[in-house]
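> Residue numbers (my numbering), protein chains in the order written: chain Y, 1 to 327; chain H, 328 to 654.
Hints listed in this document are in silico derivations from the structure and should not be mistaken for laboratory results. Wrong hints could be hidden among the right ones.
Straight-line C-alpha distance at most 27 angstroms; calculated DSSO-like pairs for lysine-lysine [to be verified]:
1) K77/Y / K369/H
2) K77/Y / K402/H
3) K72/Y / K404/H
4) K77/Y / K404/H
5) K404/H / K487/H
6) K75/Y / K399/H
7) K211/Y / K260/Y
8) K404/H / K42/Y
9) K72/Y / K399/H
10) K404/H / K75/Y
11) K72/Y / K402/H
12) K252/Y / K211/Y
13) K399/H / K77/Y
Part of the chain Y face toward chain H, derived, beta carbon under 10 angstroms [as the list claims (entries may be wrong)]:
14) M61
15) G65
16) V67
17) G89
18) P95
19) I96
20) A103
21) I120
Quick caveat: nothing in here was measured; it's all calculated off a predicted structure. Backbone N, C-alpha and C define an ideal beta-carbon position, used for all residues, glycine too.
Here is what each chain is made of, one letter per residue.
Number of protein chains: 2
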Amino acid sequence: MSILERLWRGVLIVYASDSGADTANRLFRLLRGTGVPTAMIKYDGDLGRYWDCFDAIVLVMALSGAVRLVCKYAKSKVADPAVVVIDDGGRYVIPILSAHWGANEVAEAIARLMGAEAVITTAAEYMGVTSIEELARLLHCDIVNTEELPNFYSALLSNKPICIIGINELPREVRGSYVIGVNAGCEYIITVGEPHQSLEGIRMLRCVPYKVIIGVGLMNEAGINEVIKAIRTTLNRLGIGADRVLAVASIKPRVGEAAKALGLPFRLVSTDELERVNHGCATPPSDELRRLGVRGVAELAALAAGGTSLLLRKIVIGRVTVAVARV
Amino acid sequence: MSILERLWRGVLIVYASDSGADTANRLFRLLRGTGVPTAMIKYDGDLGRYWDCFDAIVLVMALSGAVRLVCKYAKSKVADPAVVVIDDGGRYVIPILSAHWGANEVAEAIARLMGAEAVITTAAEYMGVTSIEELARLLHCDIVNTEELPNFYSALLSNKPICIIGINELPREVRGSYVIGVNAGCEYIITVGEPHQSLEGIRMLRCVPYKVIIGVGLMNEAGINEVIKAIRTTLNRLGIGADRVLAVASIKPRVGEAAKALGLPFRLVSTDELERVNHGCATPPSDELRRLGVRGVAELAALAAGGTSLLLRKIVIGRVTVAVARV
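Assemble the whole structure, with the sequences as input and the hints as a guide.
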């Protein structure tokens, strides 16, 4: 699975001036072609409302302007999206924020797509090692005692085993000295789920799993089997088990039958509830939907049913649209 | 004259970790070899006290760390130094702040010195054109109606003539559509010195010249002719006329004779006055001076005699040391 497929909340491309529009448009088409949810805007003086909405932001502009821009919004290594800068001419792809948290890999993937040069400046030891935050993202859990992170990074970068309990296997794309289960040599343990009792001389990092709500929209003709397949595809893409699904949500009662077949709870959402959702990160309706006077349903259903933030921006699977929000 | 020779206040090299020390040391020696005043520190959590002291700051560290660092201190395009980032391995030289105000050229010069790649991301139209702020710096004047700058940049970038009155010739290194004197086609005029009367349909940018104080230190054996030569060399290096010199300042009465020969006012500074100077940007004494228990004299003399900020960090010319402060 490439890094781009893991950008569940998608990529926002921002270009600053007309001289960057060609490069921005070219990247937009290339990313869409790989299936990554991709949005594009011309910079209008406010990036704040998008800052927390995407997994990666690509700024097509000169680097010094981009630096002044991100300075307005950058909060911390763990809260900021991966930010990558491309010059108007599309020659360089430069990760400038959250390099260890994905921006390097995003820049390399984009550079490959565009035939450009990725400017990687982090120490080699970080390359090819999955960061602990990225691991938590892939395991769909929240690290609660973040003050332990520096100790775990020291261990990771000196190639000591990081033992993980509470899961049966590592996501395939994880790299680094992570191992499943505990043995006598474990000095660093990540617990996913129930906390382990604390042990003398052993450091513990606690990662608490969260639940998700799956929002589903569909065309009238779509059948129940198509919905079942789309939900399975989505869980597979996120690498999350059915036990983590709090509900499947939709305005179509038919979706309830698919949920039942999968053994998942169903939550019927009314159009009134949809209308009341006011979530800054929801994908704006496409021009086509706007002409029809409707908004996309999948994301709003997941949010209306109790989701607090988007985890997977809507994806289209045949005649079914699916989005996932976390609780 | 290369851009490096115009970095009168010098370059500060900051490296973040031991893995960047080799690259930082290598650059330190290379820059010293070209005669640029160069200082080097390991980052200790506070760059603020150096931010306004150097014409260029080179950060040897990963780009994403450098961006978070400069976000703490960046103020505005005109107030910030040129900031350039080099990765620990010394592969890339990347201008990240004040690209149009010198950082591009500094990065290119450093990349040439080191055999590295300069990552230039600004639009080509800016390349090879002297910015208006850089012109003001070379003419030693302060732009007072900065709100006119956007109009003048539009003209400059569309290659319209920018007419300059109040000087007789342009500094040799100036590039762009600047012309000396006014003719019928001038719609954009920069006045250096006395303001021109305002004219219908003509835009005026006013640049007010400042005066300088030359501080001189010397070894006991240095003769008056050596001092005269050093002062002339300094004025030449700055491209500033003797009419702008408010005073030559020193703790050595002998320097007064050199000033007199040059027709310049002299200001004798007492060691008490030197001791009282508390200027954050003065060059710290070298290890050798520190062993002798003395501080450098040239910069402190210029500041003690009324200089408000350093314009030229101390340079050594034979047995004479010269520094220049502006008033």
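> Now tell me, hint by hint, if it's right for this structure.
Going down the list of hints, with the structure as the test:
1. K77/Y / K369/H: 22 angstroms, holds
2. K77/Y / K402/H: Holds, at about 22 angstroms.
3. K72/Y / K404/H: At roughly 15 angstroms apart (the allowed maximum being 27 angstroms), K404/H and K72/Y satisfy the hint.
4. K77/Y / K404/H: 25 angstroms, holds
5. K404/H / K487/H: The hint holds at about 23 angstroms.
6. K75/Y / K399/H: It holds: about 11 angstroms lies between the C-alpha atoms, which stays within 27 angstroms.
7. K211/Y / K260/Y: 18 angstroms, holds
8. K404/H / K42/Y: 22 angstroms, holds
9. K72/Y / K399/H: The hint holds at about 10 angstroms.
10. K404/H / K75/Y: 22 angstroms, holds
11. K72/Y / K402/H: Given pair K72/Y, K402/H holds - Cα atoms ~11 angstroms apart, limit 27 angstroms.
12. K252/Y / K211/Y: 22 angstroms, holds
13. K399/H / K77/Y: With a Cα-Cα distance of about 15 angstroms, the restraint between K399/H and K77/Y holds, given a limit of 27 angstroms.
14. M61: 8 angstroms, holds
15. G65: The hint holds - G65/Y has a Cβ within 10 angstroms of chain H, the shortest such distance being about 8 angstroms.
16. V67: For V67/Y, the interface hint holds, since the closest Cβ of chain H sits about 5 angstroms away, which is under 10 angstroms.
17. G89: 8 angstroms, holds
18. P95: 6 angstroms, holds
19. I96: 5 angstroms, holds
20. A103: 7 angstroms, holds
21. I120: With a closest approach of 8 angstroms, the I120/Y hint holds.
Checked against the numbered hints listed earlier, the structure breaks none of them; every hint is satisfied.
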